[in-house]
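The sequence shown runs 5 to 112 under this note's numbering.
These are computed hints drawn from the structure, not numbers from a lab. Just so you know, these numbers come straight off a predicted model, no measurement behind them. All C-beta atoms in this analysis are idealised placements derived from N, C-alpha and C, irrespective of residue type, glycine included. Each hint should be verified, as a subset may be incorrect.
Across the chosen pairs, the derived CB separations fall in these ranges [claimed, not checked]:
hint : residue 1 : residue 2 : range
1    : L36       : F9        : 38 to 46 Å
2    : L20       : T58       : 53 to 61 Å
3    : M11       : G38       : 36 to 44 Å
Think about it this way: if two alpha-carbon atoms lie no more than 20 Å apart in a straight line, the pair counts; the simulated SDA-like pairs of lysine to any residue are [claimed, not checked]:
hint : residue 1 : residue 2
4    : K82       : L71
5    : K82       : D70
6    : K82       : E72
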Amino acid sequence: MGTFFYMLLAFLVGVLVGWFIWGRLRGELDSLRGDMDRTRSERDRLRADADRLTGELEVCRGARADLERQLGEAQGTKTGATKAAIPAPSALMATSAPAKTAPAKSKT
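Start from the sequences, fold in the hints, and give me the full structure.
As structure tokens, this is what we get:
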């Protein structure tokens, strides 16, 4: 009869330890599920941004091709001095910094 009580006690201790471990892991599991949901929503947002930016890039490529075509046509029809007198379109002249000029040396 003593063996039965030891077996019952071991069973109850196992159930209590399992319940305690499962409770702690359940909280961690819920936390991981929340992290996964946030990661998925961020991934979806980034995919939408990438799709939007890809569309904008295609529009810019089309605009650039059109400007290059117009520039080629304009250069093909212009001759000599008129070419130099007409400035290039501002979209093609965009630079990040103006050119620096060297100071003139004075002769003394």
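Evaluated hints:
As the Cβ distance of L36 to F9 is approximately 40 Å, the hint placing it in 38 to 46 Å holds. Separated by about 57 Å at the C-beta atoms, L20 and T58 satisfy the suggested range of 53 to 61 Å. For M11 and G38, the Cβ-Cβ distance of about 41 Å falls inside the hinted range of 36 to 44 Å, so the restraint holds. Proximity of K82 to L71 is assessed by CA-CA distance (about 16 Å); at most 20 Å being required, the pair is judged to hold.
Simply put, K82 and D70 have alpha-carbon atoms about 18 Å apart, close enough for the 20 Å limit, and the pair holds. The straight-line distance between the Cα atoms of K82 and E72 is roughly 15 Å, inside the 20 Å bound, and the hint therefore holds.
Against the hints set out earlier in the document, no violation occurs for any number.
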